[in-house]
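**Q** We have chain Z already, so just place chain S on it with the hints.
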Amino acid sequence: MKICLSECQVMRKIIFFSFLFGFLGWCAISLKNISAQQQYTEIEVIDGGNVIGNVKYVGDLAAVGLDLYRDWELSDTSKTPSEKLIFSKINNGLKNATVSIKDITKGKKKRIPTIHPIIDQQNNIYIPHVIAILTGTTIDILHGDEGMHNIHTRSIKNQPFNLGTTYKQRISKKFDYPEIIKLSCDLHKYACAWIVVLDNPYFDVTDRNGYFEICDIPPGTYRFQVWHEELGNLEKEVTVHPKETTSIECVYPQN
Amino acid sequence: MKPKVLLDKIGLWSATTVASAALMLSVMPMTASAINVPTEVTEVGKDTYKKYCSPCHGEEGKGDGPLARSLLPKPRDFSRGAYKFRTTPSGSLPTDEDIYRTIFYGVPNSTMIPWDILTEEQRLSVIPVLKSFSEAFEVRKPDASVNVGLEIRPTERTIAEGKKIYEEKLECWKCHGVEGRGDGPSASEQEDDFGFPIKPFDFTTGKFKGGNSPTDVYLRFTTGLNGTPMPSFAKELSDEQRWYLTHYVLSLIKPEETQNK
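Protein sequences appear in the order of chains Z and S.
98 is the number that my numbering gives to position 98 of the first sequence; each next residue is one higher, with no gaps.
246 is the number that my numbering gives to position 246 of the second sequence; each next residue is one higher, with no gaps.
Bear in mind the hints are in silico, worked out from the structure with no lab data behind them.
Possibly wrong hints are sitting among the right ones.
Said to hold, decoys possible - Derived SDA-like pairs: lysine to any residue, alpha-carbon spacing no greater than 20 Å straight-line:
#: 1; chain 1: S; residue 1: Lys209; chain 2: S; residue 2: Ser251
#: 2; chain 1: Z; residue 1: Lys182; chain 2: S; residue 2: Glu135
#: 3; chain 1: S; residue 1: Lys169; chain 2: Z; residue 2: Tyr167
#: 4; chain 1: Z; residue 1: Lys106; chain 2: Z; residue 2: Ile43
#: 5; chain 1: S; residue 1: Lys50; chain 2: S; residue 2: Pro114
#: 6; chain 1: S; residue 1: Lys164; chain 2: Z; residue 2: Met148
#: 7; chain 1: S; residue 1: Lys51; chain 2: S; residue 2: Pro66
#: 8; chain 1: S; residue 1: Lys199; chain 2: Z; residue 2: Tyr190
#: 9; chain 1: Z; residue 1: Lys102; chain 2: Z; residue 2: Glu229
#: 10; chain 1: S; residue 1: Lys141; chain 2: Z; residue 2: Thr135
#: 11; chain 1: Z; residue 1: Lys189; chain 2: S; residue 2: Glu191
#: 12; chain 1: Z; residue 1: Lys84; chain 2: S; residue 2: Gly195
Bound-form chain Z, shown alone (with noise of 0.2 Å):
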């Protein structure tokens, strides 16, 4: 009786500590995820500061070139223009620049938009052109015209996908890891729009004027990031104070 008793006890203890250990493995492996995918904490930010500024190419527009010997039209690329370098005449403020900070650990918290941006794609160029979004976030991508389309993305992280839709056809994909991607449809070479998925809720792309506008930052020195799709990466620090607006200038050079 009593030899049934202690085994019964020690089959107990050992389901229990199997038991034990399961769940200790399950939460440092958990615990490891976490550490590894979030380095970005989320934080009240009581006295956060803005930055606004102005994103700028001092230098000659590169020609659209016409393309003669192609047909006996215009071809479509020379029809519509290039929208790969767009500045102000006013002010040389670059269109389309993706402006981030780089190295913040702790901010605002992560807003996810419940309804999907969109890239609409009409007489076969996409609108808008550079569209940054926060990781996590589902872009709609929609197709307004009467011909064919292919969407046709190139990343390695994200799932690149290249399908083929036709008129009124709307394809929701979502963006789970920080990258540059570039979308493009094949039939129409020259049509092409770049998602800038970031994995910080601070960034930005510049209007037409190259203006842009980033709030609630917690106070402290940060190196911000300007990207454009033809002149590449531009970094500045910039310090930032409690309850101030600072207000910074990024100069392409001329190249």
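**A** Below, chain S alone, put in the same frame as chain Z:
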């Protein structure tokens, strides 16, 4: 119950069991679970890759081996994890069986030969080596394979329906040409993801790169070819329409021309 009836019943049941077992055995080698792919990179795999694959695909798998310069289509660059011939949806990584299939059967119309000179162990051992070249395999997992429904029998009607899709709905002719010779108006400007020029496929040759069976052709435009301009039409076409298109594409093969070449 009479003993004779009982005997009959037993006989029937045993016959059914034997028949189903035989059926199972005959189906087994066809299914994907028949092969056992090693999960870790082994010495055999490294040696095999270096000896047989790296001359074209490069030591680092970037498609830049010493022979790559003189080849067209270019050997695949494995660093992006983009594989053409898959059973998984557009953009997804391939399953191990997909990679094995391409190694085993090769790619017709290209310099990738069927690697039946290697042993099965060698062929299998290369798969983890290929996967180790791309960080995509660390981040993502391959999606589940596309479900290929029941094949529809080709008739004149299905071919006519397929022709409508080819010429009107999807405008396949823009790249592949009206007669399927790969000479459409947009054919000359196509590029793959690595920036190399790529030719739309000429259907009249009848040597399909991903295999000649209707299921293979069906899978090509259901899954698309990753890394190339060829998209997936999984969203645009219903299952039946894809079979129609398959039948039309297969009807474009011109055997008499191919024999003369």
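**Q** Now tell me, hint by hint, if it's right for this structure.
**A** How the hints compare with the structure:
With a C-alpha separation of about 17 Å, the suggested pair S:Lys209 and S:Ser251 falls inside the 20 Å cut-off, and the hint holds. For the given pair, Z:Lys182 sits about 19 Å from S:Glu135 by alpha-carbon distance, which is consistent with the 20 Å threshold. For a cut-off of 20 Å, the pair hint linking S:Lys169 to Z:Tyr167 stands: about 10 Å separates their Cα positions. A distance of roughly 6 Å separates the Cα atoms of Z:Lys106 and Z:Ile43; the hinted pair therefore holds under the 20 Å criterion.
Using a Cα cut-off of 20 Å, the hinted pair S:Lys50 and S:Pro114 holds, with the two alpha carbons roughly 17 Å apart. For the given pair, S:Lys164 sits about 14 Å from Z:Met148 by alpha-carbon distance, which is consistent with the 20 Å threshold. Between S:Lys51 and S:Pro66 the alpha-carbon distance is near 13 Å, which keeps this suggested pair within the 20 Å criterion. For the given pair, S:Lys199 sits about 19 Å from Z:Tyr190 by alpha-carbon distance, which is consistent with the 20 Å threshold.
Proposed proximity of Z:Lys102 and Z:Glu229 is supported: the alpha carbons are some 18 Å apart, at most 20 Å. Taking the CA atoms of S:Lys141 and Z:Thr135, the gap is near 18 Å; set against the 20 Å cutoff, the hint holds. About 10 Å separates the Cα atoms of Z:Lys189 and S:Glu191, which keeps this hinted pair within 20 Å; it holds. The hinted pair formed by Z:Lys84 and S:Gly195 meets the criterion: a straight-line CA distance of about 18 Å does not exceed 20 Å.
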